[in-house]
Amino acid sequence: MNAPATYLHWGFVLISVPNLLLLIGMIVVFALALLAPFPHGDVVDEAPPPAAPDARGEARRG
Amino acid sequence: MADRRESATGDSHATNWTAAVRGILERRLPLSNLLPDRQPYYVGSWVYVFGVITIAALIWLIVTGVVLAFFGPQWWHVSAVGHFVNSLHFWAVQVFFVFMVLHLWGQYFMAGWRDGRAPTWIIGVVIFAISLGTAFTGYLSQQNFDAQWIAVNAKDATNAAGIGAFFNVLNFGQMYGIHVMILPIGIVTLVALHLVQVRMRGVVKPIEPAGSASGAEEAQRRREADR
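From first to last, the protein sequence lines stand for chains A and B. In this text, residue positions in the first sequence follow this note's numbering: the first is 10, and each later residue adds one. In this text, residue positions in the second sequence follow this note's numbering: the first is 178, and each later residue adds one.
It should be emphasised that the hints constitute simulated quantities derived from the structure, not laboratory data. Bear in mind the structure is a predicted one, so any value in this text is a computation, not a measurement. For glycine and all other residues, C-beta sits at the position ideal for the given N, C-alpha and C.
So the derived list for chain A, only partly shown, Cβ under 7 Å to chain B, looks like this: (1) MET35; (2) PHE39; (3) ALA42; (4) ALA45; (5) PHE47.
So the derived label-pair ranges between C-beta atoms look like this: (6) A:LEU41 x B:PRO296: 28 to 34 Å; (7) B:ILE340 x A:LEU43: 36 to 42 Å; (8) B:LEU202 x A:ILE36: 38 to 44 Å; (9) B:ASP292 x A:VAL37: 29 to 35 Å.
If you want the footprint, here are the derived chain B segments under chain A, 3+ residues with CB under 8 Å: (10) 222-231; (11) 266-280.
Assemble the whole structure, with the sequences as input and the hints as a guide.
Okay, here's the thing in C-alpha cells:
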C-alpha cells in the first residue's frame with residue numbers, strides 16, 4: 010500500500026487499479042443488496058406508517 | 178394565560194410563537210412518526226440499510242476524531258495507539274463515503290425525492306458536498322508529506338478559483354479548524370435535519386413496475402401533474 014498505484018488508461022479514462030476495484034466492489038454490494046433476501050423480511054408489517062400531513066393538512070402518500 | 182383560542186369549527190389558533198411551533202410539530206412530526214415501531218413491508222431490503230451504515234460510520238468518525246484532536250499530531254504519528262486510532266479514523270472515512278454513495282445510488286434509482294421529499298434529497302446533496310470539503314481538509318490536516326503535497330498542489334487550484342486569499346490550504350491551523358469544528362457541525366446538523374425529514378414523510382415507496390395496475394395509476398398521476 011505504500012507504493013505508487015498502477016493506473017489504467019483507455020482514451021480519456023484514467024483510473025488507478027485500487028479505485029477501479031473499489032468501484033467494482035461497490036457495484037457488487039449494490040447488486041447484492043437488491044437481490045439478497047433480508048432477514049425476517051417476510052414478517053415485517055404490511056401497513057405503511059401513518060403519513061404526517063403536510064402544510065395544507067393533506068396526508069402524504071407512503 | 179391562554180395561548181390558543183378555539184374557533185367555531187373547533188380548530189385552535191396559536192396566539193404566540195411557542196404554541197404555534199408546538200402545533201406545527203404535533204401536526205407534522207408526531208412521536209409515532211419520529212420513533213416508529215412498525216415499518217412498511219418494502220423496508221425489508223438491504224438497500225434501506227445503506228443510510229444507517231453511513232450514520233454508524235459518521236458516529237465512529239466523530240468518536241475517533243475527538244480522540245485524535247485531544248492527543249494531537251505528535252501522538253497519532255509516533256505512538257502505536259495513535260497509529261491505530263488514526264487508522265480507525267481513516268477507514269471509517271472509507272466506509273462513510275462508500276455507503277453514502279451506495280445510499281445515493283439507491284435513492285436515485287427509486288427517485289427518493291418523490292411525494293414531497295425534495296427537501297430530504299436536497300439536504301442529502303448538501304451533506305455530500307460538505308463531506309467532500311471535510312475529507313479534503315482532513316487530508317490537509319494529516320501533518321505528513323502527503324498533506325504537504327496535496328496542499329501545495331491545491332494552492333494553485335484555489336488561487337486560480339479566486340478563493341486562495343481567504344481559504345488558504347497552506348495554513349494548517351485554518352484547515353484543521355475547519356476540519357474538526359466548522360464542517361462537522363454542519364454535517365451533524367444537516368444529518369439530524371435529514372433524519373427528521375425522513376421521519377416526517379416516511380421512507381419512500383419503491384417505484385411500481387410499469388405494467389402493474391398501481392404502476393399505471395402512478396404514471397397517469399405523474400402525467401397529470403406534469404401538465
